[in-house]
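Q: Listed here are the chains, written in short residue letters.
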Amino acid sequence: MEHAIRVRGLTKRYGEVQAVAGLDLDVEHGEVFAVLGPNGAGKSTTVEILEGYRQRDAGEVTVLGRDPARPTREWRSRIGIVLQSADDRAELTVRETLRHFATYYANPRDPDELMEQVGLTDSAGKRIRQLSGGQRRRVDVALGVIGRPELLFLDEPTTGFDPEARRRFWELIEGLAHDGTTIVLTTHYLEEAETLADRVAVVARGRVVAQGDPATLGGRATARARVAWSDGEIETDTPTEVVLELSRRYDGEIPGLTVTRPTLEDVYLRLIEAEEPPAGGTLETPAVPVESAP
Amino acid sequence: MTTASDPAASDPAASDPAAVPRAAASLPSPLRIALARAAVETKVLFRERDAVVFTFALPIVFLVLFAAIFSGSAEGTGVTVAQLYTAGLIGSGVMGTGFQNLGIGIAGDRDDGTLKRLVGLPMPRAAYFIGKIASVLVMTVLQVAVLLAIAVLFYDLELPSQVSTWLTFVWVFVLGVSAASVLGIAVSGLPRSGKSATAVISLPFVVLQFVSGVFIPITELPDWLVNAASVFPLKWMCQGFRSVFLGDAGAALELTGSYELGKVALVLGAWLVGGLVLCVTTFRWKGRHDG
Chain A
1 MEHAIRVRGL
11 TKRYGEVQAV
21 AGLDLDVEHG
31 EVFAVLGPNG
41 AGKSTTVEIL
51 EGYRQRDAGE
61 VTVLGRDPAR
71 PTREWRSRIG
81 IVLQSADDRA
91 ELTVRETLRH
101 FATYYANPRD
111 PDELMEQVGL
121 TDSAGKRIRQ
131 LSGGQRRRVD
141 VALGVIGRPE
151 LLFLDEPTTG
161 FDPEARRRFW
171 ELIEGLAHDG
181 TTIVLTTHYL
191 EEAETLADRV
201 AVVARGRVVA
211 QGDPATLGGR
221 ATARARVAWS
231 DGEIETDTPT
241 EVVLELSRRY
251 DGEIPGLTVT
261 RPTLEDVYLR
271 LIEAEEPPAG
281 GTLETPAVPV
291 ESAP
Chain B
1 MTTASDPAAS
11 DPAASDPAAV
21 PRAAASLPSP
31 LRIALARAAV
41 ETKVLFRERD
51 AVVFTFALPI
61 VFLVLFAAIF
71 SGSAEGTGVT
81 VAQLYTAGLI
91 GSGVMGTGFQ
101 NLGIGIAGDR
111 DDGTLKRLVG
121 LPMPRAAYFI
131 GKIASVLVMT
141 VLQVAVLLAI
151 AVLFYDLELP
161 SQVSTWLTFV
171 WVFVLGVSAA
181 SVLGIAVSGL
191 PRSGKSATAV
201 ISLPFVVLQF
211 VSGVFIPITE
221 LPDWLVNAAS
231 VFPLKWMCQG
241 FRSVFLGDAG
251 AALELTGSYE
261 LGKVALVLGA
271 WLVGGLVLCV
281 TTFRWKGRHD
291 G
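So the sequence lines, in the order shown, correspond to chains A and B. The first sequence maps to residues 1 to 294 in UniProt numbering. The second sequence maps to residues 1 to 291 in UniProt numbering.
Chain A extracted, bound-state conformation (with noise of 0.2 Å):
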């Protein structure tokens, strides 16, 4: 079956920068794909080629079976686009916006329901621009689905979320996909990327440096093991010998006990840091401290 996202050799430079240099993609109908990344490794460039608001240099890009560098009115209606920032602070009312914004689709969601779903029937009758943070995103995300989009971009939509409405906004994600929806999503968030995706990528220098389940990116599923106590820690690839071994040595409760493995955010920051450039190189900030691996 034909892919709803396929990337070969995508490039695109700004004067000096590189910021896309040969990325391929693949992302399959119906499973939620997270990109992650430092800021200016390339996501976002690439993720805006995808919606069709940038054009590419050089590369096959096929997004829903179309080439997003000439997007007809169809392949928009499609499409859902939730952007990084949108401060448009209108005078329209939710309810109006909601239902301005379905006379542009053939068979849109009823706003009304809508507003349901996204926990704003409370805020119906506020202007846009009266809403909280919280309450705005949920509006754009409300936008980005009343047309029925097959496919559905977010672009770090829970930035400055508290960890509630971050966890509200999961549920509204995962009910999204459960309706088959794909879905794109680029985050700072590594637990994000692990609640939602079925899959990851990691994009670093504007390439892929590695994808696939969360649960087992990097090889993180058969990764050594880190047993630590109050009295020492060792890394292994047995650990349940090692706690069996502790537990004889302290004749029962070992104290202060942990096992753990890499979590996706040491993955993460390791290959981020494989790909860094040699000193002196400045391609990119990472957005995240780059510490050294374990």
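Hints in this document: simulated from the structure, not taken from any laboratory. Keep in mind that the hints are not guaranteed to be accurate.
To spell it out: a stretch of chain A is covered by chain B in this simulated footprint if at least three of its residues, at any positions, have a beta carbon under 8 Å from a beta carbon of chain B; those stretches are [to be verified]:
| id | segment |
| --- | --- |
| 1 | 51 to 65 |
| 2 | 95 to 104 |
If you only want the chain B side, here are some residues facing chain A, beta carbon under 7 Å, derived [claimed, not checked]:
| id | residue |
| --- | --- |
| 3 | S26 |
| 4 | A36 |
| 5 | V40 |
| 6 | V44 |
| 7 | R47 |
| 8 | L118 |
| 9 | G120 |
| 10 | L121 |
| 11 | P122 |
| 12 | M123 |
Model, not experiment: these values are computed from the prediction. Where is the CB? At the ideal position from N, CA and C, for every residue including glycine.
Based on the hints, put chain B in the right spot on chain A.
A: Only chain B this time, still in chain A's reference frame:
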């Protein structure tokens, strides 16, 4: 990491059996979308209440001021100051709403991401421009109505009685609004950001009002200024409106002794076409900081 507890509780598809067939059916017609844009743009324009009040008040304040300062007739032609300034202020109002307000508004739309969001929709791009121009048309029609009502009630302005004169008014007005709006759309790309738009766009507008016969009769300007003003649409718009409100008696006040309506149509038409070309070739849907 656990997944959130109950996705079904917030599942947008749960109560939505029609979710499966998706968009497939045919899209709404471009005309319908253009009308929806016009309705939304007009609604938003009137929601900014302070802006509406001042937009309507401006020409009225000028009319009251000028009538008080230059009371009486001009040069013994029987033309009143109210007639002269009504014509000029309608021209200035059209230019203010179409060129200045629209240009500043679109620069703001570009800056805050409104345009970027719109261009990602299945919207024919022309629908955005049609919606903007329609909202300017509605706004200026009401502005003119209010101004004329005040001029008639308080300054004894006599409205033209001939249908042909009103037809002249209609074509000068529609051509003027269209040209001014298209220029406003084109000029919106000039400021570097929405914040600087007011300063960048107001200067040419204020200068044009001084040299195009809005504030000062064009006969009192030096030749080189008249020549410069003649390049721009406002001078011709005002001239067209003077032909409507001053009538034949006022023609003697014109530099050439005639209202030159043919030239009015030609220059406004040329600006309309030129402005359209500028819009199509230079309009940006994204802010400068956004690549």
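Q: What are the numbers of the hints that this structure violates, sorted from low to high?
A: Of the numbered hints given earlier, the structure breaks just one, which is hint 8.
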